[in-house]
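Residues 1 to 175 in the numbering used here are what the sequence shown lists, from first letter to last.
Just so you know, these hints were derived from the structure itself, not from any lab. Nothing false has been slipped in among the hints.
Pairwise CB distance ranges, derived in the manner of DEER restraints:
#1 78 / 163: 43 to 49 Å
#2 21 / 110: 29 to 35 Å
#3 135 / 21: 31 to 37 Å
For every residue, glycine included, the Cβ atom is placed at its ideal position computed from N, Cα and C.
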Amino acid sequence: MRSPYNWSDMWSEIVASFTDFPAQWTVVRFLLTNGFGVNSEGRIVCNGIEVPATHLAREIGVDRRVVDTTAQRILSLPLLSEIFLNIRATPDLSRVAEALGLSVITVLPRNAQEPGIVSSAVKVVTEFHCSIRQIFVTDSYLAEDPKLVIIVDGPLPLGVIEAIRALPQVRQVIV
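Build out the structure end to end from the sequences listed, making use of the hints.
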């Protein structure tokens, strides 16, 4: 395994690898955004389960051959190969939270590159004695409108939303 990159250097290398291939770049962004990987045979996978290239192509709006070519190109590039052979998808409980008796807090930051957004919001949530079930952050390199999503057990106590809204890093809170 190679020495770790910092995310911005790694991202620059990913972008540079696909600058001349806009359709393939579209595929790479879709794969990263959705946690899809590539197996050693050059097939697109989700947690090891193969996903037909035709289905992805239809969803992304490209030809199936673009998906296949992108997967092969990923395997030919050491950094990308290492990433896509190991990436895994994680379930997002936010869409089923109500059915599970959970509450969802979505935080939109003023500047997603600013450090401390997650720690500040988590500190507020824990000060209100909320039990956190899941946290995820959409990557500011992949998402046009990055966000922090905190899923907690049960209903939200009074004051927690106002306290998160008052954080200097927060642009908006959605419940």
